[in-house]
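S.K.: Take the sequences, apply the hints, and build the full model.
First to last, the sequence lines map onto chains B and L. Following this note's numbering, the numbering of the first sequence begins with 1 at its first residue and continues without gaps. Following this note's numbering, the numbering of the second sequence begins with 1 at its first residue and continues without gaps.
For the record, the hints were derived by calculation from the structure and aren't laboratory data. Glycine included, every Cβ here is placed at the ideal spot set by N, Cα and C. Be aware that one or more of the hints could be misleading.
As the list claims (entries may be wrong) - Calculated from the model, a selection of chain L residues having no Cβ within reach of chain B, i.e. all distances over 12 Å:
| id | residue |
| --- | --- |
| 1 | W40 |
| 2 | V45 |
| 3 | L55 |
| 4 | A113 |
| 5 | R170 |
| 6 | Q259 |
Said to hold, decoys possible - Restraint ranges, calculated between C-beta atoms of paired labels, are given here:
| id | chain 1 | residue 1 | chain 2 | residue 2 | range |
| --- | --- | --- | --- | --- | --- |
| 7 | L | P152 | B | D185 | 50 to 60 Å |
| 8 | B | A209 | L | G78 | 18 to 28 Å |
| 9 | L | L29 | B | A19 | 36 to 46 Å |
| 10 | L | P152 | B | V51 | 20 to 30 Å |
| 11 | L | L167 | B | W54 | 31 to 41 Å |
Each chain is listed here by its residues.
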Amino acid sequence: MTAAELLGAPLLVGLAETAGMLGLTAALALPAGLGAALWMAELGPPPQVYVVRWCARLLGAVPPVVWGLVVVGLAPALPALAPLTLLSGLALALMAWPRFLLGAEDALRGVPTAQREAALALGASRWDVATRCVLPLGARAVGAVGLRVLARTLGEAGPALLIAAGVSEAPGGAGLAAVVAEGADPATALVGGVVLALLALGGGLGAVALGASAEGVEA
Amino acid sequence: MLRPSDRSTAPPELALRALAGLIPAALLLLVGWLLLPLPWVELGVVWPLLRGTLLSSALALGVAGPLGLALAAWVAWGPRRRLGALVLELLAVVPSVGLGLVGVHLLGPGLAALGLIPSTGEGGVLAGGLLIGIGVTPTVAAITRRCLTRLPAELWEAALALGASRLQARVQLSLRFAAPGVAGALLAALVRAMGEATLVVMACGLALPPGGGLGGPTPTVAGALALGRGGAEQLQALALLLLLLTLPTQALASRLVRQGVLA
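M.R.: Here it is as structure tokens:
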């Protein structure tokens with residue numbers, strides 16, 4: 001088999017689908033997670049934040065395949081013939097959301113208290129402190145958490161496999177990870193796995209470059 | 001006088017609060033949706049799956065426990081800590097499918113050739129368990145490290161002042177204070193291990209037609225769920241079973257980790 005064949009259709013198509021899933025995950029999970037994390041770290045009353053954090057920990061522990069089943073259950077309510085890529089991306093976004101939120105809250109809490117006190121002393125409201133002081137100062141750490149969470153979704157094939165089996169009439173494929181996991185064509189699977197691993201390691205290195213301490217790997 | 005907090009309930013803040021409120025709502029919806037139809041499934045279907053889950057998770061913990069503790073000790077105390085942190089950070093993003101390929105091409109056939117695991121039957125679950133162990137090692141290491149580094153400096157200095165060696169202080173003080181956290185870390189890793197589907201599907205060769213890959217029809221609950229075979233009701237029952245296994249464990253783990261971090 002030549003290199004051209006190896007790099008041929010299934011691999012490129014799978015990669016494009018994976019990129020789409022990743023984009024959807026980023027578009028849904030990152031803003032929702034960041035907003036909630038900002039509220040939890042800066043604005044919310046502690047008892048309410050405690051409840052939300054407790055629930056987020058449990059949601060973060062929900063196995064990815066279960067999110068796949070949720071999306072299969074939701075599929076009839078979504079626009080007809082939503083492509084498989086979109087459905088899998090939705091499952092991955094649901095999986096990534098609580099994990100990113102917990103990490104982002106941690107990252108925002110890591111901003112030194114003195115910075116908040118300085119802003120408050122200058123007359124800033126709590127909203128101003130949160131958005132104009134804590135958010136810019138914590139942005140790098142939050143970015144690192146985001147990169148790490150996104151990198152972890154790259155290799156997750158469970159939800160995609162379940163959705164492909166459960167919503168069989170949906171067009172499109174379920175991403176490179178599913179192609180690798182099914183392993184129908186060993187050569188494509190091998191190359192695809194290596195590509196995914198390199199992409200994920202790139203994400204991890206990016207997180208390190210943004211100054212990730214190994215502190216938040218817990219998710 | 002206007003205090004800063006008096007001006008804080010601006011509309012954008014309410015929006016953020018609503019976002020945060022989605023989290024408990026999502027948890028309730030998820031559990032309710034799975035619980036309400038009271039899905040039922042025959043014990044004969046579930047038992048082998050449950051056995052596979054317990055077997056592979058136990059094996060995974062057996063691998064991840066020592067590896068994770070060693071990695072945490074390296075990152076917290078060892079020489080070249082920054083390198084250790086980098087290893088931990090990169091290990092955490094290794095994709096499941098990548099590990100799965102290692103299992104399919106190297107570990108599974110290798111172990112089977114050495115006669116360490118049967119090449120059919122439960123061999124796939126065993127190879128899967130080992131790989132899951134590597135996959136959840138970062139979880140153990142990161143939480144343990146966090147607990148190990150939270151020891152108040154006064155206690156550490158007091159121990160050294162009383163004549164303890166560094167090793168003694170680490171084992172008798174840091175480890176002891178971190179013990180609940182370490183237990184929590186292991187439980188959190190157990191949760192991830194029980195929910196891991198990708199590796200099981202790959203290591204057992206489940207997605208292939210019968211006879212392909214390592215091992216036969218001995219998957220785990222999560223693996224069977226990922227394949228989506230069987231009716232909707234059976235899948236829902238499997239998902240509910242998975243949540244019953246993971247959510248209480250995670251609640252306990254969070255509690256223990258909090259104790260370990262605050263100690």
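S.K.: Compute the least Cβ-Cβ separation between A113(L) and chain B, then decide whether it is above 12 Å.
M.R.: holds, 18 Å
S.K.: Does 18 to 28 Å hold as the CB distance between A209(B) and G78(L), or does it fail?
M.R.: holds, 23 Å
S.K.: Does the no-contact call for L55(L) survive, Cβ to all of chain B over 12 Å?
M.R.: Holds, since 17 Å exceeds 12 Å.
S.K.: So is R170(L) really clear of chain B, every C-beta pair being over 12 Å apart?
M.R.: holds, 19 Å
S.K.: Could you tell me whether the CB distance from L29(L) to A19(B) stays inside 36 to 46 Å?
M.R.: Distance hint for L29(L), A19(B) is violated at roughly 30 Å.
S.K.: In this structure, is the beta-carbon distance linking P152(L) and V51(B) contained in 20 to 30 Å?
M.R.: Taking Cβ atoms as reference, P152(L) and V51(B) lie about 29 Å apart, which means the hint holds.
S.K.: Taking C-beta pairs only, is Q259(L) more than 12 Å away from all of chain B?
M.R.: holds, 14 Å
S.K.: When you look at the beta carbon of V45(L), is every beta carbon of chain B farther off than 12 Å?
M.R.: holds, 16 Å
S.K.: Holds or violated: 50 to 60 Å for the Cβ distance of P152(L) and D185(B)?
M.R.: holds, 57 Å
S.K.: Could one say that the CB atoms of L167(L) and W54(B) fall in the range 31 to 41 Å?
M.R.: holds, 37 Å
S.K.: Does W40(L) clear chain B by more than 12 Å, comparing its Cβ with all Cβ atoms of that chain?
M.R.: The claim holds: W40(L) sits with its nearest Cβ about 16 Å from chain B, beyond 12 Å.
The structure shown violates just one earlier hint, number 9.
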